[in-house]
Amino acid sequence: MNNSKYLTLFILFIFSSGCFNLVRSEKNNEVIQKIKNDIPALSSCVGIFNVVYCDYNQNWISTDDIYILEGIGEIHYGYDLNKIKFNIYQEGNEKILRVTIPEIEEIARKWKVDNIYRTHRNYNPQNNDPNKEINKDLDSRSKQYLQRANKFGKETIKFYFTNIAEIYGLTLDLVFEDEKKLPLQIPPPELK
Amino acid sequence: MKYQNIILTIYKIINAIIVNIFKFIVKSPKLAILIALLIVAYSYLDFFKGIGIFTALGKTVKFISSMFIEEEEVKISTNLLGFRKEMNLFTSFSIIDILQVKRDYLKREKLKNLITGEKSEPTAVVGYCKKTYEVGIGYKNLYQIIKEYAGKDIKDINELPEPEIITINPIASDVKNYSREECDQLDKDESVRLQLIKEKLSSAQDDFYIYNSKNILSKLIFLFSSINKQEGKDE
Numbered sequence: 012m013n014n015s016k017y018l019t020l021f022i023l024f025i026f027s028s029g030c031f032n033l034v035r036s037e038k039n040n041e042v043i044q045k046i047k048n049d050i051p052a053l054s055s056c057v058g059i060f061n062v063v064y065c066d067y068n069q070n071w072i073s074t075d076d077i078y079i080l081e082g083i084g085e086i087h088y089g090y091d092l093n094k095i096k097f098n099i100y101q102e103g104n105e106k107i108l109r110v111t112i113p114e115i116e117e118i119a120r121k122w123k124v125d126n127i128y129r130t131h132r133n134y135n136p137q138n139n140d141p142n143k144e145i146n147k148d149l150d151s152r153s154k155q156y157l158q159r160a161n162k163f164g165k166e167t168i169k170f171y172f173t174n175i176a177e178i179y180g181l182t183l184d185l186v187f188e189d190e191k192k193l194p195l196q197i198p199p200p201e202l203k
Numbered sequence: 003m004k005y006q007n008i009i010l011t012i013y014k015i016i017n018a019i020i021v022n023i024f025k026f027i028v029k030s031p032k033l034a035i036l037i038a039l040l041i042v043a044y045s046y047l048d049f050f051k052g053i054g055i056f057t058a059l060g061k062t063v064k065f066i067s068s069m070f071i072e073e074e075e076v077k078i079s080t081n082l083l084g085f086r087k088e089m090n091l092f093t094s095f096s097i098i099d100i101l102q103v104k105r106d107y108l109k110r111e112k113l114k115n116l117i118t119g120e121k122s123e124p125t126a127v128v129g130y131c132k133k134t135y136e137v138g139i140g141y142k143n144l145y146q147i148i149k150e151y152a153g154k155d156i157k158d159i160n161e162l163p164e165p166e167i168i169t170i171n172p173i174a175s176d177v178k179n180y181s182r183e184e185c186d187q188l189d190k191d192e193s194v195r196l197q198l199i200k201e202k203l204s205s206a207q208d209d210f211y212i213y214n215s216k217n218i219l220s221k222l223i224f225l226f227s228s229i230n231k232q233e234g235k236d237e
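Chains as they are written, first to last, in my numbering: chain A, 12 to 203; chain R, 3 to 237.
Any given hint could be a false lead.
Residues of chain A clear of chain R, computed beta-carbon distances all greater than 12 Å [said to hold, decoys possible]:
no. : residue
1   : P51
2   : G103
3   : E114
4   : D184
5   : V186
6   : F187
7   : E188
8   : D189
9   : E190
The calculated DSSO-like cross-link candidates involving lysine-lysine, where the alpha carbons are at most 30 Å apart (straight line), are [to be verified]:
no. : chain 1 : residue 1 : chain 2 : residue 2
10  : R       : K29       : R       : K14
11  : R       : K109      : R       : K132
12  : R       : K87       : A       : K162
13  : R       : K142      : A       : K106
Hints were generated in silico from the structure; no laboratory data involved.
These numbers come from a predicted model, not from an experiment.
Even glycine gets a Cβ: it sits at the ideal position worked out from N, Cα and C.
Next up, chain A with everything else stripped away, as it sits in the complex:
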């Protein structure tokens, strides 16, 4: 008598959960469609990161599942080309190339896997997308290292623009907007 009561309870649960979808339905994986504006940019330095992603799933019956990705991530830091200003003017016998550089920002990223470690061949991290998670983590890291990238980027930009100015026999005057150098009150005279 008791057995049939519990059996009835179980059958009712099966039907109700099936009919009313009380069981957890599968998660919809939404693909991120991040549309980046086609803004041209000049990258001045690349931050190189070692990224390790570990996914651990405890199992009730069998061995716990582990999935590990290890690789190198690169973040390209640089400047919006539309915001870089070029001015050429004469000062005595010298021709000066003035380049105004805006604030540094993240331009692009690159991610390459070096090693994959897993418990068994068919284990798939069920509820997490490793690529989304890694990008989320890099979003926060990128901001943390912006100051250091700024310092390194400035050195690189100064080096390359000095060489470019030398090709054309010009003297370089590099202005960084974030250092708040006072702009000239009088606009520079045009080359005659």
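With chain A's structure known, arrange chain R on it following the hints.
Coordinates of chain R only, in the frame set by chain A:
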């Protein structure tokens, strides 16, 4: 006490199921064999694929087991190794999907091949791996390009070099009945993924990004070339 009661109830349910199954088999063995055959047909031959009650049964088992299994734990560690000096010109960005499918025999096809001895190519798509990439296109080592074209009079924009792929970043992935390891192997082999992305870009037959990139490069080169022309005039 509350948890003890729950465990006791679950034990009683399982006990009731097992006892009643045995009673049923003993009472009507022919019907039991028929039901067992139906279960085998469902599990191994896909005859009843998609029928509501069986889907509900499968989902219920998953739900019950999830009460005992803890959620996945994810840990990410990111360490800065250093900075590298590079001056690249990014002219455009693109979002590209790379799809890999897994083909296999359906279970009834496997049974048929086993009986008849035939071995045709599997056609049913049983799994897929879709990776979404953000691709940065432009010119590497801009300084060398400017040095090369310094002083040259560029009459036609087509004289300029074609842009190349500078960065490839997987931003999302979707895996169904496909090994995650096999899916991520694409990010291990850089030459293969670069080739696939190039094929996708060229298959669109849209040369706008090439024209756009050359246009931006030409503006930069023209800026410095105009200084050179001015110098010539002064001399």
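Results of checking the hints against the structure:
1. P51: P51 of chain A is in fact no farther than 12 Å from some Cβ atom of chain R, at 5 Å.
2. G103: Non-interface label stands for G103 of chain A: nearest chain R Cβ at 14 Å, farther than 12 Å.
3. E114: E114 of chain A clear of chain R: closest Cβ-Cβ about 17 Å, beyond 12 Å.
4. D184: Holds, because the least Cβ-Cβ distance between D184 of chain A and chain R comes to about 14 Å, which exceeds 12 Å.
5. V186: V186 of chain A is indeed farther than 12 Å from all Cβ atoms of chain R, at 17 Å.
6. F187: 16 Å, holds
7. E188: Non-interface label on E188 of chain A holds, nearest chain R Cβ at 19 Å vs cutoff 12 Å.
8. D189: 18 Å, holds
9. E190: The claim stands: E190 of chain A keeps its Cβ more than 12 Å from every Cβ of chain R (closest is about 19 Å).
10. R:K29 / R:K14: Within the cut-off at roughly 22 Å; holds.
11. R:K109 / R:K132: 25 Å, holds
12. R:K87 / A:K162: Holds, because 12 Å separates the two Cα atoms, which is no more than 30 Å.
13. R:K142 / A:K106: The given pair, whose Cα atoms are some 29 Å apart, holds under the 30 Å limit.
Violation of the numbered hints given earlier is confined to hint 1; every other hint is satisfied by the structure.
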